[in-house]
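S.K.: The chain contents come next:
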Amino acid sequence: MRRLVHLKKFALLTAATAAFCGLRALTADHPAHAAANNVKLGAQIVAQGTKRGAIACARCHGYDGAADGSGAFPILTGQSSYYLTAQLNNFASGKRQSALMTSIARNLSGEEIQSVAAYYSSVRPTLQLTREGQADLVSRGQSIANEGNLQNRVQACVSCHGPNGTGEAPAIPYLAGQYRHYIEVQLKLFRRGFRNSEQMGTVGHRLTDEEAAAVAAYFDQLPLAPPQPAQ
Amino acid sequence: MPQKLKEVDVVCIGVGFAGAILAKEMAAQGLTVVGLERGGPRHSTPDFQAPQIHDELKYSVRKHFMQDVHKEAMTFRNTHREVALPIRQWEAFLPGTGLGGCGVHWNGQAWRYQAADFIYKTHIEQRYGKKIIDPDLRLQDWGVTYAELEPYYDKFEYLIGAGGKAGNLNGKIQEGGNPLESPRSREYPNPPMKEQYAGAIFRKAALELGYHPFIQPSANITRAYTNTEGIAMNPCVYCGFCERYGCEQFAKASPQTVILPKLRQYPNFELRTGAHVLRINLDSTGKKATGVSYMDSEGREFEQPAGLVLCTAFILNNIRMLLLSGIGKPYDPVTEKGVVGRNYAYQTQSYLPVFFGEDIHLNSFMAAGASGTAIDDFSVDNFDHSGLGFIGGSYIMAGSTNARPIEFHPTPPGTPRWGAKWKEAVRRHYNHTTIFNISGTSVAARQNYCDLDPTYRDAWGMPALRITYDFPDNDVRMARYVTNKASEIGHKMGAKVVVNEPRKRPFAVTAYQSTHNTGGAVMGNDPSTSVVNRYLQSWDVHNVFVVGASAYPQNSSYNPTVTLGALIYWTADALKNRYLKNPGPLA
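Residue numbers (the numbering used here), protein chains in the order written: chain A, 1 to 231; chain B, 1 to 587.
These are computed hints drawn from the structure, not numbers from a lab.
Check the hints yourself; a few may be wrong.
[What the hints assert, rightly or not] Which chain B residues face chain A? A few, computed with CB under 10 angstroms, are given here:
{"hint": "1", "residue": "Ala-50"}
{"hint": "2", "residue": "Met-233"}
{"hint": "3", "residue": "Val-237"}
{"hint": "4", "residue": "Gln-265"}
{"hint": "5", "residue": "Pro-267"}
{"hint": "6", "residue": "Asn-268"}
[Unchecked claim] Okay, the calculated beta carbon distance ranges per label pair:
{"hint": "7", "chain 1": "B", "residue 1": "His-64", "chain 2": "A", "residue 2": "His-205", "range": "30 to 40 angstroms"}
{"hint": "8", "chain 1": "A", "residue 1": "Pro-226", "chain 2": "B", "residue 2": "Thr-510", "range": "41 to 51 angstroms"}
{"hint": "9", "chain 1": "B", "residue 1": "Gln-52", "chain 2": "A", "residue 2": "Leu-127", "range": "28 to 38 angstroms"}
Glycine included, each C-beta is placed from N, C-alpha and C at the ideal position.
Please put together the full structure from these sequences, using the hints given.
M.R.: What follows is the structure in structure tokens.
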């Protein structure tokens, strides 16, 4: 009951400021203690799934969020809980389409989504593995990531995703240490309009496939971003 | 001995919006064009990319993009009886330098002026009679009408990808737009910006008071857009780093984002940066320009002969270039003879901090340079001035352009200026305060003008520009009237405290007000009261065109850039369709 009251209060505050900028409103009064309680519930869902039929997140993303190394599934370790919540909501609403994630997200309640997000944002990787990239590709990617490309009018990735791609929490995810395959596929989804984002849509359109691969290779070989600050 | 270069058809002094657009229009005619930019080259990437572009100390406090006061200062005084002193640090207004000029560091507020602005003298005298005009004021018509400029406004708006909602389409009032604007021929190319929370509660209060709120027109692009030159722009992310900064997103319209990529494709255009123009050279008759003299960054002097000289610098530097070159007679405030420097005006800007309770979270840091919600009910002559004792007006706007940490820390009156209590107040009010921007007309007055300083010189040994300015009484009365109205809206919004601070005399150069300097080389139909004719062509030297807000005979309530854009295309058409076919006076 107590938790419900907090959530209600949060929802009201959020609604009051939601008119703003298309980003869901952030508030200084975010109930951090409620989030701490959520982590426990989140851990349980990640490990076991839910009765309603959401499968255990850990099966693909790993219990520590580092996924299976294939690049088919993104690393979630320490990602901003705001961002993870927003993405799960997007899967649930259909704004972001994925045969796998849509049905999972639809089987999570609002509170469960927040809990999973809170959990993954709080974990650190079990092992810190660094990956090496192909030097010329990484170097090309580094230049685009940090300076952009004047020719095809692409802004530097770090302008939004933070210095070295370490994220600009809460709204903008980190890229540092994310699997190259995952980044590359997402850029192609943005490019082809299968993943919707006005900002990333234009970036995706402007980047050539070779540049997308280079950017992905660059972020792939960076050390994993530090945990995103809690709101 | 200066090195004499090969003659070109056209030389532009300054490569900002005016220089870049005119250079492109002239290059497209097959003419050889040289753009001389005193500052350095700079581009959206890498120069405007974050994180370095968000260095508030570098760009906002140390004014990295502004004219270098160590090399080129201006002097200032309030009245002609005082001795002017050099402005050693830019505060009140910010003249830019470098490729793209002020078009790089503006906020992107994309207002048109009103039909009444262009016939201000005629309009005011007809509506109220001459008596309403204070004796010190010098109202003038522009020599061009709004209807004549409308197609050129449209052209510039589609170039920059302006975002907004039309309020008056060919005379038909449109839901959601500004019903008080002058008619536009078609809708904006892009939708309006997202409304800020402060703007939303302002809108509600303004509606309750019977006003007509709308989201202000913006050149911070609101969606992916390919402009009329085929150049692609990206949508704004509301990062709150517009004014004083370059845009890392290719979103805010600037010469870099809307015209330079096209211009630089012309092999008959050459850009020279670090080229400081010393003067426009005239032939022995003094009636024809032969080109310009400039110094490069290594201190070598060059003479660049040109058939046509386009003076496209910041307004104050346009005035100074004419004075340094001996083009047009300098204005004398005592005899009122002469024209260059006459009708220098500004913008009567008041900022009202509006403090809310801690339950109102404004999140003002999520903002763009032009994402405010405004009312136009008290602009220019949108309301009846009978019995009010002044002319002119202001728009009232809520919603921030930013809430950057170094600059934005509003505290209510009575707060200590430093120490623990100040810090506590900053924490308390940071996210619960908005600033009303009240942007007002500035009427030209006989005592306000620019000329060359008799004492101070720049690094090249040339006299500095001297500005003599104070707010005319009329504008002070106007500001008081409109801030009272704004204050009422603030209270209606539920604010705990509204600081009603109308702009007062004396004008001071020590705190930011507005970069909207205007006039000094004004346009008109009478050579005895204007420097350039209605095509922005010098009355005295027909192959010199002076294109800038220097042409405005007085200033309106609005931000001047889009009107300048309209005048740029208006001038380009006059050049292409008339002057190039038959060089000589166009009026």
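S.K.: Run every hint past the structure and note whether it holds.
M.R.: Structure-based check of all given hints:
no.: 1; hint: Ala-50; in the structure: 4 angstroms, holds
no.: 2; hint: Met-233; in the structure: 8 angstroms, holds
no.: 3; hint: Val-237; in the structure: 6 angstroms, holds
no.: 4; hint: Gln-265; in the structure: 12 angstroms, violated
no.: 5; hint: Pro-267; in the structure: 18 angstroms, violated
no.: 6; hint: Asn-268; in the structure: 22 angstroms, violated
no.: 7; hint: His-64(B) - His-205(A): 30 to 40 angstroms; in the structure: 32 angstroms, holds
no.: 8; hint: Pro-226(A) - Thr-510(B): 41 to 51 angstroms; in the structure: 43 angstroms, holds
no.: 9; hint: Gln-52(B) - Leu-127(A): 28 to 38 angstroms; in the structure: 34 angstroms, holds
Comparing the model with each numbered hint stated earlier shows that hints 4, 5 and 6 do not hold.
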